[in-house]
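Let chain U serve as the given structure and place chain C on it in line with the hints.
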Amino acid sequence: MSFDNKNIRALYRSPLILPFLWMRDAVRDLLPIIGVIGFFQLFVLQKPFPDLGEMLSGVLMLVLGLTFFVRGLEMGLFPLGESLAYALVRKGNLFWLLAFAFAMGFSTTVAEPALIAIAGKAAEVASVAKLIGPGEAEKMTYATHLRYVVAFSVGIALLFGALRIVRGWPVHYLIIGGYCVVTLLTPFAPAEIIGVAYDSGGVTTSTVTVPLTAALGVGLASTIHGRNPMVDGFGLIAFASLTPIVFVMGYGLFLFGIQG
Amino acid sequence: MATLTLLLTTLLATFTDLVPIVAVMIGFQVLVLRQPILNGRRIAIGILYTLIGLVFFIVGLEKALFPVGELMAKQLSDPHFLFGVAETPADAPWWSYGWIYLFAALIGFSTTLAEPALLAVAIKASEVSFGAIKPFHLRVAVALGVAIGIALGTFRIVTGTPLSYYIIAGYLVVVIQTYYAPKLIIALAYDSGGVTTSTVTVPLVAALGLGLAATIPGRNPALDGFGLIAFASLFPMMTVMGYAQLVECLSMRAISRRKNAPPLPKRCGLGRRTKSNESKTGDSP
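As they're listed, the protein sequences go chains U and C.
With the working numbering, the residue at position 37 of the first sequence is 37, and numbering never jumps.
With the working numbering, the residue at position 149 of the second sequence is 149, and numbering never jumps.
Bound conformation, chain U alone:
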């Protein structure tokens, strides 16, 4: 038996070797962060690791987790997003396409744990600043409203993003226009809400939503005639991180009025 290319390739594809190849990529992705933490702990702070066994088992779980995640993307979320985009385009009904985009944005955001945490913190800050009353019930209502505003804005973002792909509008005019609105609103919004607004833009794009949204956008752009998946397929995530900033600041202005 000679080790020509074909044999080596067959060896690489064998179920015994393949999992280790996938894991090699995960290890490569995690090495820098372990290196940085190790360097600062041992050489800069000059302290030993508090619990080395716990840490090593955690690193092993990180490697396994990243490996499974990437395999799962290629088998599950990517093909699902693409086949849904294809089926919706073939249906030929713009209303249902936009309704689907809105429903996906709204439903994935409204129960997002990071958003719940941020909304609770925002209610605390607003209560300390005497923007809302001190009672628990008032804080609760404020936090819930805030969550619905953010979820609604993400729904609108995906709806608008899908419409953009269908119509072929250039993404940069919309995004730059949106950020102009953000910079115009910032000086007028109450200081207590600005931080929340910027942060809510960051938390809306969770690790499950991002791959599905990317696959949906690319699927739409490659199914619709005359759209380029590279130019038109991306951009949904950018919309989903922009609109919450605008909507939350708008909500703050509506609720509390213009502040110095």
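Honestly, the hints are just simulated from the structure, not real lab data.
Check the hints yourself; a few may be wrong.
For lysine to aspartate or glutamate, the following DMTMM-like pairs were computed, each having C-alpha atoms within a straight-line distance of at most 25 Å [said to hold, decoys possible]:
| hint | chain 1 | residue 1 | chain 2 | residue 2 |
| --- | --- | --- | --- | --- |
| 1 | C | Lys134 | U | Asp25 |
| 2 | C | Lys134 | U | Glu82 |
| 3 | C | Lys183 | C | Glu248 |
| 4 | U | Lys47 | C | Asp78 |
| 5 | U | Lys121 | C | Glu62 |
| 6 | C | Lys183 | U | Glu82 |
| 7 | C | Lys183 | C | Glu127 |
| 8 | U | Lys139 | U | Glu124 |
| 9 | C | Lys74 | U | Glu124 |
| 10 | U | Lys47 | C | Glu70 |
| 11 | C | Lys74 | U | Asp51 |
| 12 | U | Lys47 | C | Glu127 |
Where chain U lies over chain C, by a calculated footprint (3+ residues, C-beta under 8 Å) [claimed, not checked]:
| hint | region |
| --- | --- |
| 13 | 31-43 |
| 14 | 111-123 |
| 15 | 173-185 |
| 16 | 193-205 |
| 17 | 246-255 |
For every residue, glycine included, the Cβ atom is placed at its ideal position computed from N, Cα and C.
This is chain C only, laid out in the frame that chain U set:
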């Protein structure tokens, strides 16, 4: 035992993350599309893999990285470590926080490389561009952006300059770059700003921001602690567009070095390639 409880609670949390998506999809499948999904079984297994992967990943972060990283962020911003005294001197110059800037940049870079959402977008981009965009290169470009952004963000907390100056200046650079960057990269560059701020980066960076805002005299953690995330989503847009500009420029240089090649378009220098510009270079003998 503690690990097992952590695994189960994380599984529950990730599962509730997944439920609304699955519900919307089944709803549309049954009510609107009325068509079986191709390869349904394989897709279901894939989603299960994603779920398992995320659970392991999050538990691994909680066990290995977050406790040490958060403690480290606190210790590094501690006046004992930086100045050797219990209280930060009121007139400490900005350069005395050197370790903080280095830690901010390195932690931003390395956590972004491990960010699963960015990995997903990078794989998709390489698929769509038929391998022209290398997933690893794209992720390094984004990670560089996050590193610069977070280092600058800590500098802002130390000096106490207004956040809006930096953000508006940054958007101006993005607008100018959008005008010159290759059209293919623009949407992807905007997207990469949004994906950097998820599972790995946010908790560590937030701990750094809050720790820093709490120790420096005159800073308010509730108001000054948050800006770092805005920085982490702004700068990757610049570095990704810059990466595309660099690749385009290098490949054009390589083409122009061949024999009988058309002269180098002005785009690599300062000028923007326009129709009239192109026809001029084409007509010259």
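Compare the structure with the hints numbered earlier in the document and write down the numbers of the violated ones, lowest to highest. 12 and 17
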